[in-house]
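Novice: Letter by letter, the chains look like this.
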Amino acid sequence: MASTCRRWPWVAGTLLQATLVSLWTTKLQAQTPAVGAPMTPATAATAPAAAATSTVTLKVRIKGSGAPVSRAEITMPDGKKLFTGKDGDVQLNLPTGDGQIRVYRPGQEPELRDIAELRGKDRVEIFLLPATPTDNEVIVRGEKRPEASRKTITIAEAVKVAPGGDPAQIPKLLPGVQSRSFSPDIVVRGSGPADSLYRVDNYDMPFIFHRIGNLSVIPPQMLADVEFSTGGFGSQYGNVTGGVVVLHTRSDVPETPKFEFKINIPFYSALYYETPVNDGKDLLAASVRRSYLEAFLPLVLKKSGADLTVVPFFGDEHLYYYHPTDDGHVKIIATHAYDGLHLLFPSDDATSPSGKATFDFKTSFELIGVEWKKSLDKDWSMTLSPNVFNNDNVIDVIDNNIDIKVRGIVVHADFTRKLDGKNRLYLGSELGYGVANIYVVAPVIDNNDPFFDPASAPKRKVSETATYTSAAGWVATDRYLGDLLLTPGIRPFYYSQMKKGGYDPRLNWRYQLDQDNSLKGAVGQYSEAAQFQDVDKVFGNPDLKYIRSMHYILGLETAWSDRWLSDVQVFYKEINGLVRSDPVTVKNNNGKLISSGFELFIRRNVTERLFGWVAYTYSRNREQDAPKKHYHDGQYDQTHVFNLVGDYKLTPIWDLGGRLVYHTGDTYTGVDHSVYNANLDKYQAREGLNTQPYNQRLPAYHELDIYAERDILFDTSKLTWRFGVEYLALQRQAQGVRNNYDYTKTTYFRGAPPIPYVELRGAI
Amino acid sequence: MMRTHFFVLVLGLSTFACNGDADRYEDIQKLRALGVLSDKAVVEPSTTATPQVVTLTFYAALPHGDTVTAEPYQDTATSSGGTPATLTVNAGTAVVETHASFDLYHVSGTLNIPPVDALVFRGLDQNATVKYGIKLTTKSSGSQNIVGSVVVYQSGAAQLKSLAAIPTVKITAPAKSAALSGKQDIVAAASTTGAETLRLGWFVNGGEIKNRNAAATTWDPIKTTGAVTLVVTARGAKTGAFALDVIDFTAN
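Residue numbers (my numbering), protein chains in the order written: chain A, 733 to 1496; chain B, 13 to 264.
It is worth saying that the hints were derived from the structure and are not from the lab.
All values reported here derive from a predicted model rather than from experimental measurement.
It is possible that part of the hints are untrue.
[Said to hold, decoys possible] In silico BS3-like links for lysine-lysine, alpha-carbon gap of 25 Å or less:
#	chain 1	residue 1	chain 2	residue 2
1	B	K235	A	K1477
2	A	K1105	A	K1137
3	B	K151	A	K1414
4	A	K1477	A	K1414
5	B	K52	B	K182
6	A	K1269	A	K1193
7	B	K182	B	K195
8	A	K813	A	K791
9	A	K1414	B	K147
10	A	K1191	B	K147
11	B	K195	B	K222
12	B	K250	B	K42
13	A	K1193	B	K250
14	A	K791	A	K1277
15	B	K52	B	K147
16	A	K994	B	K250
17	B	K182	A	K1477
18	B	K52	A	K1414
19	A	K1360	A	K1277
20	B	K42	A	K1477
21	A	K1414	B	K222
22	A	K1269	A	K1231
23	B	K42	A	K1191
24	A	K1013	A	K791
25	A	K994	A	K1450
26	A	K1137	A	K1191
27	A	K1414	B	K182
28	A	K1105	A	K1013
29	A	K1477	B	K147
30	A	K1477	B	K151
31	B	K42	B	K147
[Said to hold, decoys possible] Sample of chain B residues with no beta-carbon within 10 Å of chain A, all distances over it, derived:
#	residue
32	A45
33	G47
34	E56
35	D87
36	A89
37	V101
38	P127
39	G154
40	S161
Beta carbons: idealized from backbone N, C-alpha and C, even for Gly.
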């Protein structure tokens, strides 16, 4: 069958977007109100001769949003200065004669207006353009944090440079992290994707990334910053051995309503609306995103001649409410997110006469969470965060079926007590309860049965309802001993699937060497419960123990100037009790991982003009699959990882930026030879007698992504074009290997060619 | 960006679908194992008085003009269950049947079944397996390591009768020696009196078979013309009991 590679329809998408801009512009011009209402005839009749004084109300606004500009400076012809009020308005007594007024606010271009132009009008609106960016003032500093490996990136930085403009994927560009282009999941210092914690505030979302869309489920407009720790984190987080990513929702109230849309053809569209409510004291925001890939993809595949059907879809909706109080705030979030995929593809394991196998996948969740932050008295403050959730997962593969529904409630309660000076005491608890309805029809893997073939093995049907509880507490304290800050902590925990509890002691410390240099470190135990399927009595081993890791970190932070920061760390991490397959017990705790390395982070703090950073990691990740066995390279082992990220504002309306990624190739287990298994009529890979797992490595990977953004400003709205190219590389990069049917040929699965794109965003 | 993953998804799947024809499982262009016929579908353990011996016939497709040597082979896999036993390749049993597009090669070997105390009986069925292996090497068409298992039940077990049958399989369409054009329906009739289902497998020297495990499916010649040799195999899902059929026809 001859196959043709067809060009992708991004050209059609670009033309459609251009048409939309044209229509948008025309509509706005029709709607833009006339400023400077003409005098009524009565006013004109009674108006004195041109030399007489008059008053006019000046309304100063930001061009592109229409937001009022408070404290804008108005310089009159005689040098007198006036300032606009909170609403951006000021009343001017226009002098006799000619002259100009100058309207100015730092960060905006000054506007000059002739007195004659203002005379005879009741009100005049002046829209200030953004000023040429300067590098004079640092907007956001990389702050020193008490935890050894924590870094914070603002949303403003993240939406520019993160893959997909998705703040939750910023960790991929930070030190200590391995990543893959096609997946949002991260590997942190050798720990797999499932071994890191993702939260939005204090809520554990059932999933943080759309599996199909590869975007996080929270729109960036609702976020304030992203906090990320690669290890050595405090006692407030637990049940993971890798890292912690926390997306913090915003805590500010806008002055005016805003509506934003995004059109991305042929993928998805997004709408976002926020408005001040309750007399401008509170924020209410709503967002909806939905894909429409499923309408375009079948057409593209049909034209390309591909013998498969792919119907992916994803979406999410959110409501967010923020109510600040005198001594804290209340936040409420309601989220619904879903992903789905239907695949029909040719397969040797197909049971249908067409020779095609089906794969259907759908996952969704709803979550309602409340965060109540309050000062209890002059010493105590509290944050209470309950949330309820419902999560459905359905997977159908050929004639196997997995259907898991989980409903639950989790309550976080955190307390802080001010002690003497800067010393603090922290207490917290985390209680969870859930009910899972599990229905599975699948073969039980039996590696000891030489006739076992997953495609045709007898199915086991499991239908059960299980409840689970989780309980954890934590205590920590900040103790200042001169220039030394010690933060010891302890976290007791219990997870019902393990039928036992434990506790993790931890210590973070920081020593201020001088004004610009801090020595810091952490040591601690980080335990993780086994996954539910690993302790299941049918598909796993109920007697598994907790996975335990020890983290050791030593680092030096230096502020070279107010523009430049550096952070150098060495780390050693040992994880014992990793879950491995077992021919007798199905699963065991015999695995072990040792991860060690060095990280360098050099950050250029954000100014109006520029921000960026360099992140480099050197690490070795070695695994042992059973006691007394040799160590081998780990499943996740990228020896060198380098990221260079930056954004530069050329003019008030043009941005340029990009990211350069390089990492050592991923490991994989090579096939030494194959056998034909006559029981199954299949070829099976075999390793050599002395072959170690993950003994081969893909070629090193590199990728350059560059973009330009251009704002088109209207009085009260803005359009932003973003143009760019992703996956620029010297050649298409190897992402994995694939073997032919008898393992006599191994080829690299290559990533995407350079992909140019255009995106349009609008804000009203 | 979303655009990125859209392209990656389509590119990956298109590659899967578009490039699969370059190396398809059913396409025979070199030495290819087809299956192993045992003279006993199931067997009981040896005793001192009654040693159990199984004769295995190994089938392979061989390009015209090449020659094969056969020798015992030990599988290196430790995860698959069963008791290993050494195969004895029976000298003088190699046969080459000439067909239109390739030869059908088969050779026999003998496997001694261990006694009951050397076997591990497991599972709901309480059966044991004895593993064997053979390596076929040609001068210019590569080599094949063939492994498999013989199923053993305790003396007196009901399965020694219920699973004893050797299946049969016959290609009912297209007809032997037919001259055909374009896509063809290919149909096989497979049956067994044993208490197990049969897995089918089609092989051919060119073109594409839509579903190589279906009893009835279609063959698309693509660019194949001239002599075509079509093979169907059937094997028991529980015992591996084996049968095959071969026909030649001409594609115009």
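Novice: Each hint needs a verdict: does it hold in this structure or not?
Specialist: Going down the list of hints, with the structure as the test:
1. B:K235 to A:K1477: Judged against 25 Å, a Cα distance of about 23 Å means the pair holds.
2. A:K1105 to A:K1137: The given pair, whose Cα atoms are some 31 Å apart, is violated under the 25 Å limit.
3. B:K151 to A:K1414: 24 Å, holds
4. A:K1477 to A:K1414: 16 Å, holds
5. B:K52 to B:K182: Holds - the C-alpha atoms of B:K182 and B:K52 are around 20 Å apart, at most 25 Å.
6. A:K1269 to A:K1193: Measuring from Cα to Cα gives roughly 13 Å; hence the hint holds.
7. B:K182 to B:K195: 20 Å, holds
8. A:K813 to A:K791: 16 Å, holds
9. A:K1414 to B:K147: Holds: A:K1414 and B:K147 sit about 16 Å apart, inside 25 Å.
10. A:K1191 to B:K147: 34 Å, violated
11. B:K195 to B:K222: This hinted pair holds, its Cα atoms lying about 10 Å apart.
12. B:K250 to B:K42: 29 Å, violated
13. A:K1193 to B:K250: Roughly 20 Å separates the two Cα atoms, so the pair holds.
14. A:K791 to A:K1277: Given that 25 Å is the threshold and the Cα spacing comes to 68 Å, the pair is violated.
15. B:K52 to B:K147: 22 Å, holds
16. A:K994 to B:K250: Since the Cα atoms of A:K994 and B:K250 sit roughly 57 Å apart, the hinted pair is violated (cutoff 25 Å).
17. B:K182 to A:K1477: Given that 25 Å is the threshold and the Cα spacing comes to 33 Å, the pair is violated.
18. B:K52 to A:K1414: 22 Å, holds
19. A:K1360 to A:K1277: Given pair A:K1360, A:K1277 holds - Cα atoms ~20 Å apart, limit 25 Å.
20. B:K42 to A:K1477: 14 Å, holds
21. A:K1414 to B:K222: 17 Å, holds
22. A:K1269 to A:K1231: 13 Å, holds
23. B:K42 to A:K1191: 36 Å, violated
24. A:K1013 to A:K791: This hinted pair holds, its Cα atoms lying about 23 Å apart.
25. A:K994 to A:K1450: 12 Å, holds
26. A:K1137 to A:K1191: This hinted pair holds, its Cα atoms lying about 21 Å apart.
27. A:K1414 to B:K182: With a Cα-Cα distance of about 21 Å, the restraint between A:K1414 and B:K182 holds, given a limit of 25 Å.
28. A:K1105 to A:K1013: 16 Å, holds
29. A:K1477 to B:K147: Between A:K1477 and B:K147 the Cα gap is close to 20 Å, so the pair holds against 25 Å.
30. A:K1477 to B:K151: 20 Å, holds
31. B:K42 to B:K147: 15 Å, holds
32. A45: 4 Å, violated
33. G47: For B:G47, whose nearest Cβ neighbour in chain A is about 6 Å away, the distance does not exceed 10 Å, so it is violated.
34. E56: 18 Å, holds
35. D87: It is violated; B:D87 is separated from chain A by about 6 Å at its closest Cβ, not greater than 10 Å.
36. A89: 6 Å, violated
37. V101: With a cut-off of 10 Å, B:V101 remains clear of chain A, as the shortest Cβ separation is near 15 Å.
38. P127: 20 Å, holds
39. G154: 8 Å, violated
40. S161: Contrary to the label, B:S161 does not stay out of reach of chain A, its closest Cβ about 4 Å off (not over 10 Å).
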